[in-house]
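Starting from the given sequences, assemble the full structure and let the hints guide the process.
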Amino acid sequence: MQTWGIHYLALPALSYEESIIFVVTCAFLTHALYNRYEFDSVKVLPHLLLLFVLPLLPVYRLSPLHPLSSYPGPVLARVSKIWGALHASKGKDHLLFKRMHDKYGPYVRTGPNELSVLDVEVIPEILGTNGMPRGPQWDGRRKPGSTPSLISTRSTREHAVRRKPWTRAFSPASVKEYEPFVQRRALQLAGELEKRSELGPIDLTEWFNYFAFDIMGDMALGGGFELMRDGGDNEGIWTILHTGLEKMAILQHMPWLSRILFQFSFGTESATRMTEFCQEQARKRATRGSTRKDLFYHLLDEGGVEKVKPPFRYVMSDSMLALVAGSDTTSITLGGVFFYMLKNPGLYDRLRREVDSTFPLGEGEPFDSQKLANMPFLNSVIFESLRLQPPVGSSLQRAPEPGSGGKIVAGRFLPEGTAIKIPPYALFRDLRYFSPAPESFLPDRWLLPTEDVQESETNVNFSTDVRAFIPFSVGPGSCAGKPLAILELRIVIATLMQKFEMQFAEGYDISEWEEAKEDWFAMKNGRLPVTIRLRRLRKPEAGP
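According to full-length UniProt numbering, the sequence shown is numbered sequentially starting from 1.
What the hints contain is simulated information worked out from the structure, not anything from laboratory work.
Keep in mind that the hints are not guaranteed to be accurate.
Unchecked claim - With a straight-line cut-off of 25 Å between C-alpha atoms, the simulated BS3-like cross-links for lysine-lysine are:
| hint | residue 1 | residue 2 |
| --- | --- | --- |
| 1 | Lys-176 | Lys-371 |
| 2 | Lys-309 | Lys-164 |
| 3 | Lys-164 | Lys-284 |
| 4 | Lys-143 | Lys-90 |
| 5 | Lys-309 | Lys-293 |
| 6 | Lys-371 | Lys-482 |
| 7 | Lys-195 | Lys-176 |
| 8 | Lys-293 | Lys-176 |
| 9 | Lys-482 | Lys-164 |
All values reported here derive from a predicted model rather than from experimental measurement.
Pasting the structure below:
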């Protein structure tokens, strides 16, 4: 005989626990709206539900009967995901998960049916080829009935099909064809910074946002965004995008509630204008056809690789995904690189020397991708910035395949209906995997002894477990655009280091950087005001 646990009961599209909350909420709303028409005996029902049904939920969730009862975690987190939503509204989940793991250890219960894990041994079982599909938070991040993007597709089979054009788009040959796009935008960024350098301090965070958004607009929609040219977000697109991200970061904790609120357009107002603008650009791009092989070319299958053209709604949702995910990753990491370089003048000078020795000033732009890939210190700086401020702070969530009954992870049974997440920010600052000083910016931890390691640090015994370094995730759900992101980072960093002298603007408190950092699924940097001066070629001294 099949035995059913209470956590397997369900109403259509809602879990058992969500169903109870939904019924009770509807009962109270009905009571509030129509109580004057009720008989006295009927008025008792909502109160009975309140008194007898709702208290059972926390009792069960805290009891030894719950399948996650053996895992430690905050009491309120174990009772309700409302606790998680309230904390998410502060934009500091990256710090929250770090504190929880510092207190409770590598396995923490962060919700009634959710675990957070810091254990490098289980990463393949969670994220790898034989891991799990994306978890329920993705149901809370989109409107019911809307077309999911690649990243929000929970079906393993559908994800594999949707991933194919992305794989083609970011193959080595394809990325090589994108180099002129990146080079042109990098020079535009340098030109805009130079023009404004005499007007006072420049907020690098803003300009890295503009650069990243412009170039991903080129790649995903054939252009249409010119934030650098305009010197700002005149259309309000960047603001709209991040307002939407903030709302989704809260609602992802309560998918059952988002399904209700979305029926009343909650959280969709800011996205409507963004969607309409992107749809207009996408239709224009589709109408004029391919003049170059960009990401849109592959998403729309303009090369005719597939037997059947993908639905345009898939192309549209994935183009918007590329715009958001691609721009955030690049801008966040660029901000980190220049903050840490300026905070550590010795490292700044060291990177500049490597750039100058590889691409001497006055002898051409630093655009040779092969040379850039072979610059050890440049790449170690990029890796260390990705480590200290990963693009995604706390929400790499997965869950057992629906209908599977559950999954064994490191000898522990994870029941179906349970989610598990890996928080990169906390993982990358774990002393077990990155020592010494995991909170410090030490690019040398990525260098081999035979590479460019400073003499003063050759005696430091770095321990770096590369298995724990997953800024782009791993496995089937990893970031397909990683090769393009790395190319952008290398070209922009080398270009700006070659052309400019920089320093923090007068009065800027460097402690503000960490304090201003926010986690809205994608990380968000605070301001980075700097003064910029154009580097000049030194004339050779006259002979006697």
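In ascending order, which of the hints set out earlier in this document are inconsistent with the structure? Those not satisfied come down to hint 7.
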